Amino acid sequence: MRASLVGTTVLAAVAAAVVLPAGAASAKSDTEAPKVVSVSAPTVIGKRTDGKATFTVDVKATDNIEITKVGVGLLDAAGTMTKPYGVGSATTPNSGYTDNGVWQIKVTLPANFPLGGWKVTAYALDSTNNYSTGLSQVRDSLTLKWASRINRFNAAPAKVAKKVAVVGKLQRVASSGWTAYGNKVVTVQFQRKGTSTWATRGTVVTAPNGTFTLTTRSPGAGSWRAVYAGDSTFASASSRVDPTAAK
1 MRASLVGTTV
11 LAAVAAAVVL
21 PAGAASAKSD
31 TEAPKVVSVS
41 APTVIGKRTD
51 GKATFTVDVK
61 ATDNIEITKV
71 GVGLLDAAGT
81 MTKPYGVGSA
91 TTPNSGYTDN
101 GVWQIKVTLP
111 ANFPLGGWKV
121 TAYALDSTNN
131 YSTGLSQVRD
141 SLTLKWASRI
151 NRFNAAPAKV
161 AKKVAVVGKL
171 QRVASSGWTA
181 YGNKVVTVQF
191 QRKGTSTWAT
201 RGTVVTAPNG
211 TFTLTTRSPG
221 AGSWRAVYAG
231 DSTFASASSR
241 VDPTAAK
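Here this note's numbering is used: the first residue of the sequence shown is 1, the next is one more, and so on.
Since the hints were derived computationally from the structure, they do not count as laboratory data.
As the structure is a prediction and not an experimental result, all values here were calculated from the model.
A couple of the hints might just be wrong.
25 Å max Cα-Cα, derived DSS-like pairs, lysine-lysine [claimed, not checked]:
id, residue 1, residue 2
1, K106, K35
2, K106, K52
3, K193, K162
4, K163, K193
5, K47, K184
6, K193, K159
7, K106, K47
Model the full structure from these sequences, guided by the hints.
So, in structure tokens, the structure goes:
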């Protein structure tokens, strides 16, 4: 879902630069502007009960001298805003070097930030205060929704038996906090011990109070989880992982 948003307040991204660690060749002359190579953000973000949403954006940037700051901004889905809504910046790369690295930027959106589709863009600033040219055309997309969660998840018995009962409760954000999310499909998955693949063991529809139960033949030792795919209003959710051990 991508929704064009109109009338959003445009803010500039601001953050103080700090001294960067050694690693880039700062003695080089500045012969080019910084370049944003890639921007990677989550596909869907869910607002919490306080209305805020927190996520991280990875930005790869390069320059012929050290980069002192990388910032992230959000544009409306149509990309028509002349300036991005500034949401965060970082001064040191998470990996690589200050002239060629990946900056991981933590973003917390305020409670009044509009739901819908957004374009994630980024900029870079080097040690001579030279900015990357214009708004970066290297962008990613995300959709802001309300959050959901799977609570009280359990697979029993804890030891392998002929059958296993998987239970949990699907909830969604409401004005009063978390509330039951009934009549929604939850997928129960199993990961066999020693493997990395999750296999679907069944689907179940939540009761009006959000609870669900699936009883199935035990496939052996491994781990269980439940997954909700999300919908047009609420983001997807995964339960905690619950292991079952061999006898």
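Cross-check of the supplied hints:
no. : hint           : result
1   : K106 with K35  : 20 Å, holds
2   : K106 with K52  : 13 Å, holds
3   : K193 with K162 : 17 Å, holds
4   : K163 with K193 : 17 Å, holds
5   : K47 with K184  : 19 Å, holds
6   : K193 with K159 : 13 Å, holds
7   : K106 with K47  : 15 Å, holds
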